[in-house]
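Enquirer: Listed below are the residues making up each chain.
Number of protein chains: 2
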Amino acid sequence: MKTVPGLTVVIMAGGSGTRFWPLSRKRSPKQFLPIASSRTMIEETFRRVRPLVPASRILTVANAAQSRTIRRLLPSLPAGNALVEPKGRNTAASLILATAHVYLRNPEAIVAVLASDHIITDAPLFLRKLAAAAEAAASTESLITFGVQPTYPSTGYGYIQFAREGGLTVSGEPFFPVLAFREKPTLATAAGFLQSGGYVWNSGMFLWRASVFARALERDSPEFFVFWRRMLEALKKRSASSLAKIFDEIPTLSIDYALMEKARGTLVCAGDFGWSDVGAWSALADLWPRDEQENARRGDVCAVDSRGNVVHNPGKLTALIGVDGIVVVQTKDALLICRKDRDQDVKKVLELLAKNGKTEYL
Amino acid sequence: MKTVPGLTVVIMAGGSGTRFWPLSRKRSPKQFLPIASSRTMIEETFRRVRPLVPASRILTVANAAQSRTIRRLLPSLPAGNALVEPKGRNTAASLILATAHVYLRNPEAIVAVLASDHIITDAPLFLRKLAAAAEAAASTESLITFGVQPTYPSTGYGYIQFAREGGLTVSGEPFFPVLAFREKPTLATAAGFLQSGGYVWNSGMFLWRASVFARALERDSPEFFVFWRRMLEALKKRSASSLAKIFDEIPTLSIDYALMEKARGTLVCAGDFGWSDVGAWSALADLWPRDEQENARRGDVCAVDSRGNVVHNPGKLTALIGVDGIVVVQTKDALLICRKDRDQDVKKVLELLAKNGKTEYL
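Here the protein sequences line up with chains A and B, keeping their order. Residue numbering for the first sequence follows our numbering, beginning at 1 and increasing consecutively. Residue numbering for the second sequence follows our numbering, beginning at 1 and increasing consecutively.
Treat the hints with care, since some could be wrong.
Which copy? The list can't say, so a pair holds if one copy fits it or any two copies do.
[To be verified] Here are the simulated lysine-lysine pairs, DSS-like style, with alpha carbons at most 25 angstroms apart: (1) K355 with K316; (2) K332 with K245; (3) K245 with K347; (4) K348 with K316; (5) K26 with K236; (6) K340 with K26; (7) K87 with K237.
Honestly, the hints are just simulated from the structure, not real lab data.
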């Protein structure tokens, strides 16, 4: 695969999720853990795009502490490429910062924005889509968003509604006009989306030319365009205090709300490249090795009449008797046992622990 | 409470159960573990009877390795009181050995036989029953067995059917003639037993005058009486090799089968002294401290919508989400997660481990 000239990849690594507690903690969020494979998710993300871009054109965005972790996990990343946010202010702030950084070097450079903590099992297909999108972005005034062919009526993902007609095809890959962004739907609505065929999952990955991003902000998101201009100034002057002030003042909003949902002419590039945001423990049931009773496991499991469990207990024997569909996660100081369909409630445990002053487990 | 002259307590400590795996292992069976309280079960048993007999009149019966553990756990037990069986041959052999040992010192001494791994929550009542039974045994030709008022139709215990009439009362305690020993019944049969009122649980605890035991063997169990006589000879000669030979040849049978079920004139002393044989993990649901969601626990438990679980995970946090009625047991090298009503199937795990050569966990 040839590298794509003018393409810069921005890996958003500032997340601080709690859904993989007790493995993930405040200081070691999901992207820095080897959850889906034996490598951390950010390493997997970095390695996945390397065939398309050299390390010198990969940027990460995260706070100072996270950036130190990133530089340890990605030793081949040039030091200056780990962009440091003064504080986490959601993705609009991160991506204005990263795109402004690119813009100052080359306003016509293409920026691909990836999450640091998603999995993509069909990397070749994904890279083909990404290369075609970069090519498309070079010649259009459109922002491009990546959609994923839904395989089931998920209520955990947002959806993108698109039009079959009026798009373009680049290097054999189709780009469809976005009609609307839809929030996480109910099951019935999701089923309707799937039946209609005109919807894809919103992967949270984007691609744009830096100058196009700037013009889209100016036209469709004037509130944030102000910060774009201030960000350019602060970066030009290398003023940490200005940057800190901007991050104090910029609204805490996702790029979806701040720009994508307002922008006109956005195109979606859809594909079935084995994407998952690995939103919680139960997602690992499909990723880890399974025994003949469909128990996904890390560690030695001895199962008697026990099916469909997810067990993370490396280095110890886990014996299961008569239990189905539970998640078991062992760490040095904590053990989680959770019904698989309740894995979103890990946050309730964290709330209880915080309430009871057991902050050592957070 | 006054000590009872002429009473010797024999604690049977040779068991090697597997039902408390992974806490209990081949080399640390239940009686040597602090399962029900913070003391090991054999320490609890020893301390419980001390108000009635001095340590010099408490004997234990177990194999050599177990006897070393006993002497470590019960430092006040005189060294010679830990009787060593050449090998485990079930309770008939153990009790013929122990009773013969007592008989050689005083044929009219009273022998009370206790299990080392049962719990008794109302110790004063139990000791009152024991003292009365010792008094009764001194003046009758009967073997005495201890029964427990059933509180639910257990299918896990054997039952003793008794007659209301024809017994005797000693120090206010009634002793009823035993009509029959009944094996572990079905639930329907157990319910019938409870309704009739003429049945008590067989606790596996007994009491007899040594000479009465000898005569009962001679009359009702001649097969074992042969071994009784050989045992007396071997003990008199202090011949370890004779004893080893006897233990090679003596049938492996419980005292229930070998004698109690055949003996005539046996009396039952019944009481509701909070007895349990603590047969498996779920039994601890009633013994350990519980939270407001009826989770019995050892260790710090944070429960979200989780009820009626039994958790042994000292020194670690256990978080439960949406799980009911399961047993969780953490040890250094293994973690057990078992539905409460399947706790008898721990042996299936051990069979699987043995089959797969994972003997380090046995």
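Enquirer: Against this structure, judge whether each hint is valid.
Expert: Hint-by-hint comparison with the structure:
| no. | hint | in the structure |
| --- | --- | --- |
| 1 | K355 with K316 | between (31 angstroms within a copy, 18 angstroms between copies) |
| 2 | K332 with K245 | neither (40 angstroms within a copy, 51 angstroms between copies) |
| 3 | K245 with K347 | neither (31 angstroms within a copy, 65 angstroms between copies) |
| 4 | K348 with K316 | between (27 angstroms within a copy, 19 angstroms between copies) |
| 5 | K26 with K236 | neither (33 angstroms within a copy, 72 angstroms between copies) |
| 6 | K340 with K26 | within (23 angstroms within a copy, 34 angstroms between copies) |
| 7 | K87 with K237 | within (19 angstroms within a copy, 86 angstroms between copies) |
Comparing the model with each earlier hint shows violations of hints 2, 3, 5; every other hint is respected.
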